[in-house]
Amino acid sequence: MRKRVFRLPSGLRKANLDSHKLCVVGRLLSNKPFKFKALCSSIRSMILPVKGMDIRQLEEGRILIRFNHIIDKQRALEGCPWSFEKNVLILNSVGDFENPMHVALEVCDFYVHVHDLPLSMMN
18 MRKRVFRLPS
28 GLRKANLDSH
38 KLCVVGRLLS
48 NKPFKFKALC
58 SSIRSMILPV
68 KGMDIRQLEE
78 GRILIRFNHI
88 IDKQRALEGC
98 PWSFEKNVLI
108 LNSVGDFENP
118 MHVALEVCDF
128 YVHVHDLPLS
138 MMN
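For the record, in the sequence shown the residue sitting at position 80 is 97 according to this note's numbering, with numbers rising by one throughout.
Warning: the hint list may mix true and false statements.
[Claimed, not checked] Below, a list of computed lysine-lysine pairs in the DSSO-like style, where the Cα atoms sit at most 30 angstroms apart:
| # | residue 1 | residue 2 |
| --- | --- | --- |
| 1 | K38 | K68 |
| 2 | K52 | K68 |
| 3 | K103 | K54 |
| 4 | K49 | K103 |
[To be verified] The calculated label-pair distances, taken between Cβ atoms and stated as ranges, are:
| # | residue 1 | residue 2 | range |
| --- | --- | --- | --- |
| 5 | M139 | D113 | 37 to 45 angstroms |
| 6 | R61 | G112 | 19 to 27 angstroms |
| 7 | L134 | K54 | 40 to 48 angstroms |
| 8 | K103 | V124 | 16 to 24 angstroms |
| 9 | P135 | A55 | 36 to 44 angstroms |
| 10 | L65 | A121 | 25 to 33 angstroms |
Source of the hints: derived by calculation from the structure; they are not laboratory data. Glycine included, every Cβ here is placed at the ideal spot set by N, Cα and C.
Can you build the whole structure from these sequences, using the hints too?
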């Protein structure tokens, strides 16, 4: 069995590799334009990060959020889906060496609570 050796570019440091572990990419499911600063403000007030976060705007309506602590990232992902101006905001983790533009942000799970459902309709 042959071993493969990967050489990293000199400008790529370990800190840059570890930073992806604290990143999520998001997308607002809307055809309407939105104000990026208003979205950032809403995200900060919804997630309430203890150690802070940095939000950057990417192409194709995507945003990249870098948290300063793993607990803040977990809270953001567990609270999905979020909403902004009556539109769904989907967040997903960025894997190691994964391009944030290739992260899937088209599907979102919802929990629905139904009241007064007739017994004949329950499975």
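Hint check results:
1. The hinted pair formed by K38 and K68 meets the criterion: a straight-line CA distance of about 15 angstroms does not exceed 30 angstroms.
2. Simply put, K52 and K68 have alpha-carbon atoms about 25 angstroms apart, close enough for the 30 angstroms limit, and the pair holds.
3. Distance hint between K103 and K54 is fulfilled; the C-alpha atoms sit about 17 angstroms from each other, no more than 30 angstroms.
4. Taking the CA atoms of K49 and K103, the gap is near 11 angstroms; set against the 30 angstroms cutoff, the hint holds.
5. Against the hinted window of 37 to 45 angstroms, the Cβ-Cβ separation of M139 and D113 comes to about 43 angstroms, which satisfies the hint.
6. Distance hint for R61 and G112: a CB-CB separation of about 25 angstroms, consistent with the stated range 19 to 27 angstroms.
7. At roughly 42 angstroms, the beta carbons of L134 and K54 sit within the given window of 40 to 48 angstroms.
8. Taking 16 to 24 angstroms as the suggested C-beta distance range, the pair K103 and V124 conforms, at roughly 19 angstroms.
9. At about 43 angstroms, the beta-carbon gap between P135 and A55 stays in the expected band of 36 to 44 angstroms.
10. Between L65 and A121 the beta carbon distance is about 26 angstroms. The supplied range of 25 to 33 angstroms therefore holds.
Checked against the numbered hints given earlier, this structure breaks none of them.
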